[in-house]
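S.K.: Residue strings, one per chain:
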Amino acid sequence: MGDVSVPFAAYRSAVRAEWLDYNGHMNDSSYGIVLSEANELLFVELGLSADYRASTGASLYTVESHIRYLAECSLEHTLNATTMVVAAGDKKVHLYTELFRDDDRLAATGEFLYVHVDTALGSSVPMPSEQRARVQEMASSHSGLPPPGHLGLGVGSSRQRSGSV
Amino acid sequence: MGDRVVTPYEGSGHHTWDDAAAIEAPLRLHHTSVSAAWVDYNGHMSESCYLLVFGDNADAFFRFIGIDEDYRAAGHSLYTVETHLHHRREVAEEEPLALSLQLLDHDHKRVHIFHEMRHGESGLLLATAEQMLVHVDIEAGRSADLPPLLAERLDAIQHAHAALPRPDVVGRPMGIERH
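For the protein sequence lines, the chains are A and B, in the order given.
When you number the first sequence by the working numbering, it's gap-free, plus one each residue, and the end is 165.
When you number the second sequence by the working numbering, it's gap-free, plus one each residue, and the end is 1179.
These are computed hints drawn from the structure, not numbers from a lab.
Keep in mind that this is a model prediction, so the values were computed, not measured.
Here a beta-carbon is modelled for each residue, glycine too, at the ideal position from N, C-alpha and C.
Relax, there's no trap hidden among the hints.
Some residues of chain A that are not near chain B, with every Cβ distance over 10 Å (derived):
hint, residue
1, Val6
2, Pro7
3, Ser13
4, Ala14
5, Val44
6, Gly47
7, Glu76
8, Asn80
9, Asp103
10, Ser124
11, Pro128
12, Arg134
13, Gln136
14, Ser141
15, Leu145
16, Gly149
Here are some, though not all, of the chain B residues that point toward chain A, as calculated from beta-carbon distances under 10 Å:
hint, residue
17, Asp1003
18, His1112
19, Glu1130
Here chain B is said to cover these stretches of chain A; the calculated rule only asks that three of the stretch's residues, wherever they fall, bring their Cβ under 8 Å from a Cβ of chain B:
hint, segment
20, 18-30
21, 59-65
22, 85-94
Please take these sequences and the hints and turn them into a complete structure.
M.R.: Printed below as a string of C-alpha cells:
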C-alpha cells in the first residue's frame, strides 16, 4: 500500500461532454458519477473493486450518499479528488470525498455509506479478513487527518466544526 | 443517451400550475420506467441514475412552479445545494417508477424538498432524496430572493403539505451505528 497518512488521491479526469446539461455545466447527477469513479479507485486499492466482485460475487452497495454542490464545472476543467475513510465496521465503510477543479476550487463534497453484500444471498455479510484489515488500516491512518467541516451533518446544517475548510 | 444530459421535460410535457386546482400532497409530477441505458452489469439501475431520476423529478417541480427555459433565460434559476440519498431497494430494467415530492420548508430564497421513488406497481419504496435548493441570479453567481409569484406558489404548496408527516430521515446525519 502507498502512504496512507494523507487522503487517498488517485482520481484525475477532464470534464466530459456527456456530463453537461443545457447550461454547459456539469449536471447534478454527473457529480455522483465522478465521486463514484473516485471512490472506485479507492476500492481498487483496498481489494474491493469490480474484480473482487467478479471473483467473489460480493460487492459494496451504496446505502446513503450526501453530495454538496459547491462550484460549477465545465469542459475547461480537470477534476481531481481526495478521499478519506471516515469509519469502518465489519460490513460497512463510510467515506468522505472532496472533488477539486484544477484551479483548486472545491467543487463538491460527497459522504457515502457502503454495505458489503453477498449478491447471491442478497444480504449483508462481513468483508473477508484481508479486506477488513486493509480498510481498518486506512481508517486508522486517516483518523489523524483534520476532520472535514461538514462531516456527519444533515442537509441544511450550516454548523461547521472549528478548523474546517 | 445523447451527447449531454437532457431532462424529459425540456420543451414540453410537464404539469403546469393552475390557480384553481387543488394541490396534491405530496406532488406526483413524474413517472418513468428504468431505461436500458440506466442499468449496470447486473441488470439493476445504477447508483448515479437514481440521482438522474430525482433530478428529473426536481425539474418537473421547477416547471410546475414556473421555472422553465424562459425563466432561466431571464437570468434566474434554482440550483441544488445538497442532495442526501437513501437507497432502499434495487430495481430492474423496464420496471415502472413513480416519484413524489414533498415541500418540507422554504424561505425567501431557499427551498427544502423530499422525494420518494417507489415502484410504479407494487408501491415499494426504492429510494428517497432530501434536497436543499437555492434561488440564484445566474449572471451574478449569487443567491437572490424568489420573485413574488414563485413565493406565493411555494406558500400554497407549503400550506397543502403542512399535514404530511415529516420523513424520519430528514436532517439525519450519516454514520455507522454501533450495537
